[in-house]
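Undergrad: Okay, here's what each chain looks like letter by letter:
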Amino acid sequence: MVPPGDGAADEAFERLVVPELDVLMRVARSLSGNTADAEDLVQETLLRAYRSIERFDGRYPRAWLLTIMRNANINRARRRRPQLQRDPDTAPEEVADDGRSAEDDVVDPVLDAALDDALAALPLVYRRAVELVDMAGLSYREAAEALGVRQGTVMSRLHRGRQRLRERLAATGLEGDRT
Amino acid sequence: MTRLIRRRVPDHLSCRQVAKVLQTHLDGELDDETASAVAEHLEMCRRCGLEAATYIELKEALARRAAPVPTASLERLRSFVAELDAHGAE
Ligand SMILES: [Zn+2]
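Line by line, the protein sequences are chains A and B.
Numbering of the first sequence is given in numbering that gives the first Met the number 0, commencing with residue 0 and proceeding in unit increments.
Numbering of the second sequence is given in numbering that gives the first Met the number 0, commencing with residue 0 and proceeding in unit increments.
Derived by calculation from the structure, the hints in this document are not laboratory data.
Since this is a predicted model, take the numbers as computed values, not measurements.
Don't take every hint at face value.
To be verified - Only some residues are given here: those of chain B computed to face chain A with a beta carbon under 10 Å:
#1 Arg15
#2 Thr33
#3 Ser35
#4 Met43
#5 Glu56
#6 Leu57
#7 Lys58
#8 Leu61
#9 Arg63
#10 Arg75
#11 Ala81
#12 Leu83
What the hints assert, rightly or not - Computed from the model, here is a short list of chain A residues facing chain B with C-beta under 10 Å:
#13 Val16
#14 Ser138
#15 Leu168
Glycine included, every Cβ here is placed at the ideal spot set by N, Cα and C.
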């Protein structure tokens with residue numbers, strides 16, 4: 000591939016990454032825990048991606064970007080230790096800047112509120128798997144890239160995570176035959 | 000004696016087998032052949048059908064809970080990409 004700074008390569012870069020910005024932000028939010036840190040992480044990911052574009056084979060841009068993000072996130076965590084190693088159970092996420100509108104809350108407010116609690120109570124590894132697949136929309140393969148684990152590990156964390164959510168939510172009427 | 004009619008092997012799954020692959024199926028990550036066998040089972044088996052409906056409801060509730068990415072963030076990131084393109088990574 001052509002080196003960075005070249006017009007054609009830049010166009011290719013933009014074409015590759017812009018469609019992935021939304022999903023990158025969703026994954027970064029799960030990895031970093033809030034929107035502001037997520038944006039920093041995505042910027043760093045983009046910078047690293049730009050620098051290494053000539054080593055990219057052109058296939059699966061999302062998987063490529065997720066791998067870069069995982070590595071960037073490891074570095075960030077190292078730089079910012081120890082205070083970044085926060086426990087999701089004791090340090091609730093910021094909820095102010097999530098862009099959620101009142102409309103999103105009308106479908107089933109009881110279930111949705113209970114779901115927030117159930118998610119917060121989930122062990123972090125399960126919760127990440129659920130967030131990446133069910134909330135960020137990643138495939139198993141992509142979630143495996145983002146987390147640096149095998150696809151089978153993603154599956155078992157995800158399935159157990161959902162199982163636990165389901166148990167917790169049983170009291171609020173999460174049932175297939177509620178009507 | 001219609002109940003003795005046997006299905007072709009991949010079409011005929013037990014509830015146990017379905018339970019093992021149900022979430023993978025709902026995530027759209029099963030191969031086509033297994034997926035259609037599972038789908039067929041779900042249509043005929045009320046118990047597994049309800050189980051599937053519960054997971055679908057959970058997945059939909061999770062998707063609803065996924066806060067949208069703030070437009071301002073996406074705009075800043077788009078200009079960041081444009082800037083990389085204009086000036087390079089340095
Ligand atoms: Zn069944």
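Undergrad: For the hint on leucine 83/B, does the least C-beta distance to chain A fall short of 10 Å?
TA: This interface hint holds because 5 Å falls under the 10 Å limit.
Undergrad: For the hint on leucine 168/A, just tell me whether its beta-carbon gets within less than 10 Å of chain B.
TA: Constraint on leucine 168/A satisfied, holds at 7 Å.
Undergrad: Minimum Cβ distance from methionine 43/B to chain A below 10 Å?
TA: violated, 16 Å
Undergrad: Under 10 Å is the threshold here; is the Cβ of serine 138/A close enough to any Cβ of chain B for the hint to stand?
TA: holds, 7 Å
Undergrad: Does the interface hint hold: is leucine 61/B within less than 10 Å of chain A, judged Cβ to Cβ?
TA: holds, 4 Å
Undergrad: Checking hints one by one. Is glutamate 56/B an interface residue toward chain A, by the C-beta closer than 10 Å rule?
TA: Because about 6 Å separates glutamate 56/B from the closest Cβ in chain A, which is inside the 10 Å limit, the hint holds.
Undergrad: Just to be careful: measuring from the Cβ of threonine 33/B to every Cβ in chain A, is the smallest value less than 10 Å?
TA: This hint is violated: threonine 33/B lies away from chain A, its Cβ roughly 14 Å from the closest one there, beyond 10 Å.
Undergrad: Have a go at the arginine 75/B hint: is there a Cβ in chain A nearer than 10 Å to its own Cβ?
TA: holds, 7 Å
Undergrad: Does the closest beta carbon of chain A sit nearer than 10 Å to the beta carbon of serine 35/B?
TA: violated, 20 Å
Undergrad: Lysine 58/B was flagged as interface toward chain A. Is the shortest Cβ-Cβ separation under 10 Å?
TA: The hint holds - lysine 58/B has a Cβ within 10 Å of chain A, the shortest such distance being about 5 Å.
Undergrad: Quick one, is the alanine 81/B hint okay against chain A at 10 Å, beta carbons?
TA: holds, 7 Å
Undergrad: Is the shortest C-beta separation between arginine 63/B and chain A less than 10 Å?
TA: holds, 6 Å
In this structure, the earlier hints numbered 1, 2, 3, 4 are contradicted, and the remaining ones agree with it.
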